[in-house]
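Engineer: Below, each chain spelled out in residue letters.
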Amino acid sequence: MTKRRIRALREKFVLITGRTTKQAIGMHKGKESEAYIRAVTRVDMSDHDMDRLGINEGEDILLYTLEDSIEAPVFKGNLPEGMLFMPMGPVANRLVGVDTSGKGMPSYKGFLVEVERP
Amino acid sequence: MSTLIENAVCTFCGCLCDDITVEVDNNRIVKTKRACANGRGLFMEYDATPRKPLIYGKEVSWEEAIAECASILENADNPLIYGLSSTSTEAQKKAVELADRLGAVIDTTSSVCHGPTALAMQTVGEATCTLGEVSHRADLLVFWGCNPAVSHMRHFSRYSLMPKGKLVPNGRKDRSMYVVDVRPTASSKVADHFIQIKPGSDYEVLTVLRVLAQGKKVDADQVGGVAIEQLQQLVDRMKGCRYGAAFMGMGLTMTRGRDINVRELFSLVSELNKFTRFSVIPMRGHSNVAGADQVMTWQTGYPFAVSFARGYPQYGPGEFTAVDLLARGEVDAALIIASDPAAHFPRGAAEYLEQIPTIVIDPEKNMTAKAARVFLPTACCGIDAPGTYYRMDNISIYARPVVASGRPRDEDVLTGIMEAMKLC
Amino acid sequence: MLIGIINGKVYDPKNNVDGEIKEIWIRDGKVVSAGDVDQSRAEMIDAAGLIIMPGGVDIHSHIAGGKVNAGRKLRPDDSRGHERKRMQLPQSRRVTRSGTGFSVPSTFKTAYSYVEMGYTTVMEGASPPLMARHTHEEFEDIPILDKGGYILMGNNHLIMDYIRRDEREKARDYVAWLLNATKGYGIKIVNPGGVENFKYKKNVTELDDKVIGFDVTPRQIIETLSWINDELGLPHVPHIHGLNLGLNGNFLTTAETLKGMEGRQAHFTHLQFMSYGGRMGKPVRSGAAEIAGIVNENPNITVDVGQIIFCDTTTMTADGPVQYRLHKLTGNKWFNDDVEAETGGGVTPCIYKKSNPFNAIQWLIGLELFLLIDDPWQVFLTTDHPNAGPFTCYPQIIKLLTDRDFRGEVFSGISKIAQKGALLPELDREYSLYEIAVITRAGTAQRLGLDNKGHLGAGADGDVTIYADLDDREKMFSHPAYVFKDGVLVAKDGRVVCERPGNTLYVSPDFNPDIEKEIRGHIESNYTISFDHYPVRRDELSQGKQIPCEVS
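Protein chains in written order, with the numbering used here: chain A, 85 to 202; chain B, 4 to 427; chain C, 17 to 568.
Keep in mind that the hints were calculated from the coordinates and are not lab data.
Remember, predicted model here, so these are calculated numbers, not experimental data.
Honestly, I wouldn't trust all of these hints.
To be verified - Here are some chain A residues the structure puts well away from chain B; computed CB gaps all over 10 Å:
no.	residue
1	E95
2	V98
3	D131
4	H132
5	D135
6	N140
7	E151
8	E155
9	R178
Unchecked claim - Distance condition first, Cα-Cα at most 20 Å in a straight line; then the derived PhoX-like pairs of lysine-lysine:
no.	chain 1	residue 1	chain 2	residue 2
10	C	K217	B	K277
11	B	K169	C	K226
12	A	K96	A	K160
13	C	K561	C	K46
14	A	K113	B	K277
Here a beta-carbon is modelled for each residue, glycine too, at the ideal position from N, C-alpha and C.
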């Protein structure tokens with residue numbers, strides 16, 4: 085994977101995390117299983133955004149929040165523009181903040197991330 | 004020689020299907036019938052072989068492990084007991100008892116799931132029903148911020164969309180289904196109508212629906228990216244149905260507004276009862292979390308986020324909820340049962356568990372167990388241990404084991420810890 | 017283990033003991049005659065100057081199950097400020113459990129509060145059969161007390177089907193099966209047909225209205241279930257919450273329903289809510305005199321009052337339409353649960369204020385029922401906890417009944433509108449301690465068919481409460497000096513001193529096993545759980561006690 089920066093994106097997207105079938109099935113195999121790790125280390129993006137940003141399927145991108153950054157491959161998802169989806173789990177949770185607005189519930193869905201090519 | 008067991012109970016999700024046939028061979032489940040992919044995974048991946056408990060990753064005897072747990076909890080000033088989801092009410096009762104006798108904080112996975120739903124119910128109430136009312140009466144279904152096709156895979160076929168019922172003799176044909184979400188999903192694919200809203204706008208859209216339901220006009224063309232006309236159509240459909248059923252999930256509880264979003268939906272459902280009959284069922288997901296709610300409530304008065312530090316239960320969402328406690332470093336020991344916060348909590352909270360002595364009670368050595376000081380491998384309720392479970396609509400079923408077990412049950416381990424601490 | 021209680025004044029109405037100084041002996045958990053004991057080995061209690069009664073028996077209270085727990089969850093506001101700390105028991109390592117709640121206390125707090133008031137048996141007013149397991153789970157966490165639950169049947173689809181098809185023998189076998197499957201104690205009827213109709217946004221208002229989809233009437237449902245009760249020889253009688261609860265003018269349907277029993281045994285619950293005179297749209301007035309008159313003429317009828325307490329409480333019933341109406345009236349948060357093929361119900365908070373004319377008249381109605389029904393064996397003390405008020409306020413009601421001056425004082429503080437033309441000032445009657453013993457234990461136990469409870473004759477369970485003889489009856493009944501349960505001292509000076517499991521009382525009437533095939537078919541078609549998982553198994557009760565049926 086090339087580290088050469090073609091273009092620094094740093095574009096903001098809204099990230100939704102949630103269940104997927106593969107993530108759930110991977111869970112049954114164990115969270116150290118290849119199936120699970122692969123299931124939770126991925127990002128879905130709309131094909132329109134992927135085309136616009138010149139990203140190919142399977143390429144890695146970096147996602148940043150104030151908490152941390154992660155690197156994951158991108159796949160075409162049936163999503164509106166400006167939205168990303170990641171399966172719930174330990175990879176996505178590195179980006180989720182601990183603020184619960186006094187309710188106990190962090191913001192697992194609908195928070196802003198910055199996207200950059202690695 | 005394999006055996007067939009009928010009417011086994013799948014304890015994976017809030018559907019609590021009790022019509023599963025399992026084929027058992029050599030004490031392993033080798034085949035299932037009627038189980039969804041999640042149920043199949045639960046039944047077939049489980050190995051009931053007894054395992055030894057671990058302290059710092061090394062095998063020890065059960066006596067040593069229990070003694071270490073007792074020591075950790077005795078030396079803690081503010082221990083946290085967390086989880087309680089994928090276990091029976093028999094075990095949940097013991098967990099609450101331990102917290103009470105210790106003066107600990109106890110929280111359940113509700114806090115990162117339907118805790119906001121509980122807060123909404125406590126503010127405005129909840130008009131609900133059992134799933135059979137949906138199967139037999141509901142001619143209109145509204146799924147808001149949830150994706151049963153992925154999270155509760157037999158929901159459509161067993162309870163909501165497909166079943167032929169007393170007043171719904173043609174099943175699917177007699178029903179209208181709406182899905183409201185921020186993106187198309189496997190569930191929206193099977194809906195008659197999909198309303199896509201902008202992320203973070205559930206509150207505004209629901210408020211407008213309430214206004215329209217009261218027959219008032221809204222001075223706008225759209226809200227949350229949805230045309231008012233489309234919302235008016237939904238409202239008319241809701242007011243004109245025979246029996247409406249709404250289902251809601253994390254799309255409301257995990258987004259901006261949290262419980263306030265749910266409050267708007269619950270208020271809308273209550274108000275629709277002026278015109279017709281309408282109910283809402285929260286899509287409880289994680290195994291027996293509905294049971295944990297019930298047990299916590301009948302024993303303490305509160306469904307989650309309870310501190311016993313003063314000698315009596317105190318309710319504190321935001322204060323005694325696990326993510327907050329861990330993020331602020333306010334607890335000095337943790338007993339995690341029937342859940343995996345290392346995988347499901349924000350990293351900033353999960354990593355704190357590695358800094359304090361942590362005990363994990365679970366059938367599998369999950370992510371939390373890997374960094375825990377003590378791991379106690381117990382039986383899996385519904386597979387090799389019996390137990391009472393509550394469905395998402397609060398109907399309870401007693402699940403009998405389908406394979407033999409050499410493992411202790413969660414409730415026995417918790418009792419053992421209390422006995423070691425001379426608490427009971 | 018032998019206990020001798022001597023020098024105390026005993027009130028044991030079943031055995032006609034009215035304040036005699038008498039000895040009570042308890043051996044191995046049972047009351048025995050003095051002649052049967054070796055007094056030298058007894059632990060003696062000198063009850064000189066004290067009053068001895070059987071342990072209290074509450075015939076109708078909502079303490080356990082889905083609806084009650086929804087009420088607890090709904091009301092963290094009811095819990096805050098009403099906490100009970102866990103406590104170490106004297107001379108023991110044991111520590112009681114903590115709890116919260118004023119009108120909807122958590123399970124342990126419920127148990128301790130009842131016991132600390134001298135009650136030893138409490139009957140849960142209503143349990144949907146499909147959720148009986150939940151009721152029993154909560155019972156397991158209500159220690160010390162003996163308890164049982166009435167099973168809701170008045171809107172049950174299969175029963176209504178059998179009635180429509182004129183197959184009452186099958187209905188009888190199904191009811192017997194259902195009581196076995198739910199480990200229930202008796203038949204409960206709530207707004208028969210009305211709860212089903214509410215699922216269509218309708219109700220019933222007359223005994224001959226039709227139930228949608230079944231074409232049967234409330235009258236038929238009551239008649240059939242009361243015939244079944246008799247056929248099965250159940251220890252209790254049909255426990256009835258009739259039509260039009262809470263509505264102006266409902267005394268008319270209540271009167272019709274009472275008379276409609278035509279001499280058959282029945283118990284009408286929280287009658288205060290059913291005794292409103294006047295008419296819809298007009299100001300409410302009391303219908304207690306008319307209703308009391310009918311009760312007096314019909315010795316086959318017993319009632320419990322459901323006396324209003326001026327406080328902030330929580331209403332909860334299986335009567336779905338009533339709860340919805342109350343929500344619309346008060347604007348308070350509303351919980352509703354429609355239960356498939358069986359019943360429904362709801363919860364909503366409610367404040368009874370003495371300055372509110374309607375609440376004040378409700379309060380008057382309850383007291384009038386107590387004072388106008390002549391025979392204390394026909395009228396029992398309840399608040400339909402928590403609907404009219406929390407059970408912890410029973411001592412207040414006892415004071416109102418035994419002290420007419422106090423009653424007058426409280427009367428003068430209620431809404432002036434309600435005071436105008438009220439009957440209460442003319443009612444001089446004061447209940448004696450003997451009569452209080454009837455309406456809180458002897459009468460209720462008898463009506464429940466609990467032969468070993470509510471009295472202190474030989475063979476009775478060793479459930480005994482000893483009170484100080486205080487002029488202030490509210491204080492007296494709030495803090496008994498001693499409470500024994502099965503001959504074990506469980507409370508002293510108004511505080512729990514020993515915690516042990518109580519029994520769950522249930523019945524197992526016989527039925528023709530052929531009925532199971534039809535029931536299986538019904539459950540598989542109409543419910544969303546399997547026939548196999550529907551019943552509560554005996555081993556799910558850690559301390560179950562079967563009470564026999566007496567088929568004639």
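Engineer: Going through the numbered hints above, which ones does this structure break? Give me the numbers in ascending order.
Structural biologist: Hints 2, 7, 9, 14 are the ones this structure does not satisfy, whereas the remaining hints hold.
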